[in-house]
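**Student:** Based on these hints, arrange chain C on the given structure of chain V.
Chain order of the listed sequences is V and C.
According to the numbering used here, the first sequence is numbered sequentially starting from 1.
According to the numbering used here, the second sequence is numbered sequentially starting from 160.
Treat the hints as calculated values from the structure; they're not laboratory data.
Among these hints, one or two may not hold up.
[To be verified] Quick list of in silico lysine-lysine cross-link-like pairs, DSBU-like style, CA-CA up to 35 Å:
| id | chain 1 | residue 1 | chain 2 | residue 2 |
| --- | --- | --- | --- | --- |
| 1 | C | 250 | V | 126 |
| 2 | C | 271 | V | 126 |
| 3 | C | 250 | C | 271 |
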Amino acid sequence: MLCLGLAAAAAAYALAYYSRFALSRTNPTGHPAELAWLQREFNLTRGEFERIAQLHQAYLPDCVAMCQRVDAINRRLRGLLAATNQVTPEIQQALAEAARVRTDCQARMLGHFYAVSRSMPPEQGKRYLEWMQSQTLLPTFHSAAELGPASAAHERDHH
Amino acid sequence: MSTDKPTNSEQALDTLLHRWEVRQPLPPGFEARVWRQVARTEAVSAGPSAFWIGLEMWLRGLLGRGLAPYAYITALVLLGLAGGTWQAAGKLRQERLELRALYIQSVDPYHKSHD
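This is chain V alone, in the form it adopts within the complex:
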């Protein structure tokens, strides 16, 4: 009786697990899993999703080129920082270049996010845009004033 009970419990467990997990993660789109996730997360129709997948594919070469620029400037900056313990004109120039690369990347990203959001239903597009902006463009740090009185006092002591 004990074995029968345990077997029944195991079967029920497997049934619940696979019906809930395995079936809900099927990806019949033929696109990468993270893109298929986008379709589920933002309730996209097949047509909307295919349009967004095309935009994504078209954006990827741009993204790879930007990655290479980021890598190059990071390498240069790392080398300069390792060679001295002062802010040299070369370091200032490299920092300025890194900032330019970042601005350029962010502008291109934002353009892609706008294009993707326009391919979604308005409400979902708004939600996508807000989420992507918070994850990629908006800073994750806060000013002292935003953090509260303790940090404001800390900030005051510094100046």
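**Tutor:** Below, chain C alone, put in the same frame as chain V:
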């Protein structure tokens, strides 16, 4: 309109009740069932713990009627279903977070790992 003196019909009923005898034997377990019913009724009016007392009485009822094996298997099956659903929900939540991060990495050069 109650009076202290019993009427004739009440006296007759009293006499009849005193003479009344149960000749047929009670069905087996009758007394236990009566007490169970009394306890269940009391449990319902007892407050928040009434549910658990009621459940206990129900289980005792099942055990008393030889339904223990069915109750045991049903409980294990329900436990299995709940466990499987809970485990799958946790795994789906985890996977959802991973896919979100993957999507962001696929579009943001500053979220990729650079050399």
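**Student:** Would you mind marking each hint as holding or not holding in the structure?
**Tutor:** Against the structure, the hints:
As the CA atoms of residue 250 of chain C and residue 126 of chain V are separated by approximately 28 Å, the hinted pair is consistent with the 35 Å bound. Proposed proximity of residue 271 of chain C and residue 126 of chain V is supported: the alpha carbons are some 25 Å apart, at most 35 Å. Straight-line distance between C-alpha atoms of residue 250 of chain C and residue 271 of chain C comes to about 24 Å, which keeps the hinted pair within the 35 Å bound.
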